Amino acid sequence: MSPIASIIVLYGLGLTASMQVGLIGPIAPDLRAGFGLSQAEFGLVASLITAAGALCAIPAGVWAARAGLRRSLVFGGLMMIAGALIFASANVVSLLYVGRIVTSIGYLLIVVGAPSWMAGFNNPKLVAMAMSIWGTFIPVGIALGNWVSAAVVTWLDWRLAVAACTVPVMLLLPLLIAMTQPETGSTRRSLIVGVIGVLQSRAALQVALTFAAFAGATSAALAFMPAMLADNLDISIALSAGIIGTMAIAGNVIGSVGAGSVLGRGINGKAILVIFLPLMAAAIAVLFISKFMLLSITALIVFNICQGAVAGTCFALLPAIAKEGLSMPALQGMLAQFAEIFVVIVPPFVGIMIDQNGWFGAAFVLGGFYIAGFLISLRNST
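Going by the numbering used here, the sequence shown opens with residue 14, and the numbers climb by one from there.
Treat the hints as calculated values from the structure; they're not laboratory data. Source: prediction; values computed, not measured. Backbone N, C-alpha and C define an ideal beta-carbon position, used for all residues, glycine too.
The following label-pair restraints were derived from C-beta to C-beta distances:
id	residue 1	residue 2	range
1	Phe373	Met306	14 to 24 Å
2	Ile310	Gln369	23 to 33 Å
3	Leu246	Arg45	18 to 28 Å
4	Asp244	Asn135	45 to 55 Å
5	Leu252	Leu173	18 to 28 Å
6	Met183	Ser51	30 to 40 Å
7	Ser107	Thr167	20 to 30 Å
8	Leu184	Gly49	31 to 41 Å
9	Leu139	Ser107	42 to 52 Å
10	Ala295	Asp247	18 to 28 Å
11	Leu246	Met183	31 to 41 Å
12	Arg84	Gly381	33 to 43 Å
13	Met306	Ile267	13 to 23 Å
14	Leu139	Ile190	14 to 24 Å
From just these sequences and the hints, can you work out the full model?
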């Protein structure tokens, strides 16, 4: 299989993983009504997709390099399927939690293994292109999950919506098995050495912490956004998801490709982060408070362009850090672990704020996390 075809398959796996995040927003009303969930409890259901990453993403990255990226990705796909089956067949809240935790194992292995595979190509230009494209997998996948979930839940059932968002991984696994695996350059490292190596890198820590604050806030924002937009603008949940999905794909592609182009001209990635993170804070605050369609759409467009620029920049910075002798899968694991700790914590916290203060509470907290990421990115990592 050609490298371009391999990138398509790997990116497709990333999209499928992120669809598991995006599907949860449109089915929120049915889940809350059917299981009697508070906003905080629903936030926990949403955030548990990254539970495995919050606990062991860095070791998982080292293990993926030692065990083989193909093996880890296939296992990840199978775990996503198993988790979706548990979640879709749940009749008590505890099984919703179990299903999301099992899915989180598959999610982790895919988001660590797929970009590490891309970084193993011999052509530096191809690697740069692949990593730039990979920077859009979260928002585009979430948008697709929103669309599919909203369409299915409108006409059928939330359980079928979960199943529909999992079908793509079944189609991609046979193609993954046929691909030629690149060298990761770290298969002989012990688990301890691989973990300690990335934790000792100040540059890697700065990128990981910046991305963590960004990812936690973004995950929470997207989980509550369909219900928020429907409530504030008095529109249906399906229309809300459609607007969010359309704006997410268009805005994130523009932001990610634009950031990749600027980075390719030698612009420091920190400059991109310190510009776009404060803009994200302002955009999300306006979006969660606004009750005017035009203002909300404008804020949503700005938010998504910034999201693409920040995510694309963080992922694009990793290959250069890996040249310092670090394991790329371990670096991806570090980025995932720091991010997913925040993704587990932030949505339930935002849910509590919504229960107590409405959408204004969410606007305040989400904006605060983006400002925290901005402050981290200002620090000198040398």
